[in-house]
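Protein chains in written order, with the numbering used here: chain A, 1 to 603; chain B, 1001 to 1603.
Calculated directly from the structure, the hints in this document are not laboratory data. Some clues are possibly wrong.
Unchecked claim - Calculated lysine-lysine pairs in the BS3-like style (CA-CA distance at most 27 Å, straight line): (1) A/Lys196 <-> A/Lys338; (2) A/Lys97 <-> B/Lys1524; (3) B/Lys1097 <-> A/Lys81; (4) A/Lys81 <-> B/Lys1034; (5) A/Lys70 <-> B/Lys1034.
Unchecked claim - Now the stretches of chain B that chain A is said to cover, found in silico as 3 or more residues with beta-carbon under 8 Å: (6) 1111-1122; (7) 1586-1597.
Beta carbons are placed, not taken as given, at the ideal position from N, Cα and C, and that holds for glycine.
Number of protein chains: 2
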Amino acid sequence: MNYSNTFIPTLREVPADAVIASHRLMFRSGMIRKLANGLFAYLPLGLRSFRKVERIIREEMDAIGALELKPTVVLPGEIWKESGRWDAMGEGMLRAKNRLDNDFVVSPTAEEAFTAIVRDELSSYRQLPLALYQINTKFRDEIRPRYGVMRGREFVMKDAYSWHCNDESLDETYQAMGRAYRRIFKRCGLSVIPVKADSGAMGGSGSEEFMVESEIGDNTLILCKNCDYAANVEKAGCAPDYDTAQAAASVPPVEKIDTPNVKTIDELCAFLKTKPQAFIKTLIYRAINVELDISAAPGCKNLERKKGDLVVWPEAFFAAAIRGDLDVNETKLVALLKASEVSLAADSDVTRLTNAPVGFAGPVGLNALPVIVDHSVTAMNDAVTGALEKDLHYQHAAYGRDFTGWMTGDIRTVKAGDRCPLCGGELYEKKGNELGHIFKLGFKYTCSMNVNYLDENGKSQIPTMGCYGIGLDRALASVIEEHHDEAGIVWPASVAPYHVIIIPIKYDGAVKAACDRLAADLEKAGIEVLLDDRDERPGVKFNDADLTGIPWRVVVGDKGLSQPSPQVEIKRRGEKEARVAELDKAARELELKVQEALAELNG
Amino acid sequence: MNYSNTFIPTLREVPADAVIASHRLMFRSGMIRKLANGLFAYLPLGLRSFRKVERIIREEMDAIGALELKPTVVLPGEIWKESGRWDAMGEGMLRAKNRLDNDFVVSPTAEEAFTAIVRDELSSYRQLPLALYQINTKFRDEIRPRYGVMRGREFVMKDAYSWHCNDESLDETYQAMGRAYRRIFKRCGLSVIPVKADSGAMGGSGSEEFMVESEIGDNTLILCKNCDYAANVEKAGCAPDYDTAQAAASVPPVEKIDTPNVKTIDELCAFLKTKPQAFIKTLIYRAINVELDISAAPGCKNLERKKGDLVVWPEAFFAAAIRGDLDVNETKLVALLKASEVSLAADSDVTRLTNAPVGFAGPVGLNALPVIVDHSVTAMNDAVTGALEKDLHYQHAAYGRDFTGWMTGDIRTVKAGDRCPLCGGELYEKKGNELGHIFKLGFKYTCSMNVNYLDENGKSQIPTMGCYGIGLDRALASVIEEHHDEAGIVWPASVAPYHVIIIPIKYDGAVKAACDRLAADLEKAGIEVLLDDRDERPGVKFNDADLTGIPWRVVVGDKGLSQPSPQVEIKRRGEKEARVAELDKAARELELKVQEALAELNG
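Based on the sequences and whatever the hints tell you, model everything.
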């Protein structure tokens, strides 16, 4: 392809809102343009790389036997109402009504659409397992779309869904997907960190997120310096950092002390001349749609509601007791309570339930609601904590002796410096962006949408389900984040828009003839070539070649061609020095280099 | 691909709402499933054929130098407001508001998006001509979606747009597109009728529609039995069917006659014992946004409005005089008046403007509004027509002597039996569906959206624009409409989901081995094979092979394999008889046949 026949509007300026490298470089290299906030058009150069990512994903999905479908992008609202997500998805989902007042959704994900298709066709266990996918447009109304296609409103996602007779079959497909994802990212030249993740609003358990490190990442990752433990902070655990062997017997009895006008932990530390580690912090939470059986917990019996076969507590209050220097991880608390949401209770609820002003809650004698005791507290035998009365605290409080709580669990936010739950090594934090996510959904959709099949014995059964996504735009932008330098993009060969750029010093006469022949020879060998035939100064062409990041650059000039055996210069993008090569051997040499680079990524 | 590893849910029943062959067969062969009214999911078999149509279109677009982009499917409402189509597109366009109250449109077409992109990048005439395209999801809220993907709400369209310095350049691209379209349809095995079309709401002039004949077509085509004249009835012309040589001198003077209680043309015919051909029918129309200069026409001066540089008549009334046996073609009238819309005037307006009750309008003495005289009337020299008074008509009215009107033009609806404007042959009608449409848009979008470039002299100019669409879903369905029989689809090789289906009588032992080897040999040669490994009766497999329409069927059984030189049966879909072939030569023979069929379509 000759440069003048394509449409690559490169720019020297950086758009003001482009704060990360991929956004800046995709814009400057003419890969994308902005249509509106969070909406980007891929121009020819960008689309070439985008299609390569798409092809890699399709090949790997096909290789594990997943079958491609194409549902619509605009989905009927009814199926979202069936699954219950019409309400649950909130404002992030773009909804529209047509002239007949029918509800539509611009697909943010497609569990419902695929499940509806499978529901109508599934009859026998012989049809299972079944894995289906699409690579199609999605829309999520990001509150603050930014960072270019890294967090756009419209994007393309590969979303796959699978249905199974049993957990073993689901796990087999889940593992195959995990391996396919690792191959996909490797082939794209991406270093990913697979982490255990909370599966959030998607429901179900058993999930893995594929993260790339990113300063502007949405996720905080907890990693171990010593082993390969990696977890989203929302789910990360840690080794105990306390001595569980300490005996409670030697501690004086619990007693009330006056703490006038002392409200915060800092004030309490100053007042008692001790450290936050010596306190038990007690927070009152309001939880929504609790599915954990709390019928026997204090104050909960009268709150339960039947919801089909399930007993649900639409609203319930809990106290969370945790060591004073630690924070409660609300995502872990949600998971523990099997709730849809938790939030700090209103002051009026705190006062009502603790029978004291805000700031004096504590687990000792707290009977109006269930107390969830973090593991950190179970090791405390001489603690200070609120006494459920204004200006009073307890000291010498000991777990097991003075209080136990309704249940114990791990509800602590793990942070850098904590110890690895696997090896005890030091944990550290990284920001990460999620590129892919695989998870075991279980029966969430098959149950609510009435999917059935007949098993070997002719008995009706509900299949279990898995769900597997990759964002294409974000993957492409992440390649650039990982592979760029000051001058521009440094594409891995597998997703480069072209493999080779040929730059004539002046596209004329013998130079033109040599360039045309070299381009033709390379294209015949399946190598993708951009020939910069523009009437621009060599410096402009070199800059654009660096900016667009094409892996091999060949410079052809009169000087080289006039040597006894005509020469060109070949330079690998990202390397400093160009090498001289014989013109006649250049095509074959480049062909081998491209194939070698592709084989290394694909291998 | 083994049948049991894919997902092809064939059906014996026909869905109740499937009234046309393609809808019935796409559903029965497991190509598509319905998600909601007008929304269809392509299943793996359907998607394979769909992607082949897509690839053919992409190759032909790339071959003429058009460059592929990928704008978003969800477009910002602002650019539609800029172009003025936010209001003009009406309820067919699906709109949505996000959480920030921003307006969005699910793209029904993309003139605005492409023009917005080009506007920002275009600076010099050197960048022109430029042709860009996308193959992407579109949504139009059909009032009555039906006929499966033939008239769905969501569909995929290839839409291309081009920008030019002048009409010659536009015409060059327009012609190249026309040739590419002919190649695309030929390669898909589609017989299209290229017709001159009214370009309708898209604006501009110079356009060609590519139609396929269809009983359930939206369009009426006028075709000549003698030559290749073809036109949409909305624009069709015809040869005069009257003698223009007749002299007016021999006709008695015009005179009023009493026609008591006579209101319709039929009553008038009975009363005067003559035929509708002897009457001049005069209809009063209300026209909206007239751009034809009517400042000198009766009653129009005071209605004009300035709209930028343009003088526009937001509302104006016209009389249309036409021979009594003919109908006014409102689309042709709209084009003649350069109006956005015409409709019959309200009775009160008719009475006010003709100074008579409804039913007595006529061109003689009609001075309150411009009279548009159809060519058929200019040949009438002894006509009956309304006398602008209750219960009175004129007879012996002659064009040129007794009236002339404000302008003459061709506003007649052509119908079967009329004569061809090119050769005089007999015209006939067909119903047709539009598969593609190419047209010269002119300055409609570049003007309203302020697109400029500097010409050779450094002067700012507005580019002219062309626009070229093909509906992929409809093209695919039309292939099936044209290529099917009682038993199912009869795919052309180019868009068949697989080239060859191998049917083992029983997939076991030597038969299994032979089938597996044959499939492997064919796949190595690039032939796409479906191997029906299901444990079904041969009759079921034969029926499904016919239904899914795969071009070559190979039957492998013990009987054939046990011959001295092992044999299989090869049958071309659509042919009656199978042929016996040697197993060892079958792969090579099929390879040649497939290549030959593909070459014929692509050639």
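Hints, one by one, checked against the model:
| no. | hint | in the structure |
| --- | --- | --- |
| 1 | A/Lys196 <-> A/Lys338 | 18 Å, holds |
| 2 | A/Lys97 <-> B/Lys1524 | 50 Å, violated |
| 3 | B/Lys1097 <-> A/Lys81 | 20 Å, holds |
| 4 | A/Lys81 <-> B/Lys1034 | 18 Å, holds |
| 5 | A/Lys70 <-> B/Lys1034 | 12 Å, holds |
| 6 | 1111-1122 | holds (count 5) |
| 7 | 1586-1597 | violated (count 0) |
Checked against the numbered hints given earlier, the structure breaks hints 2, 7 and satisfies all the rest.
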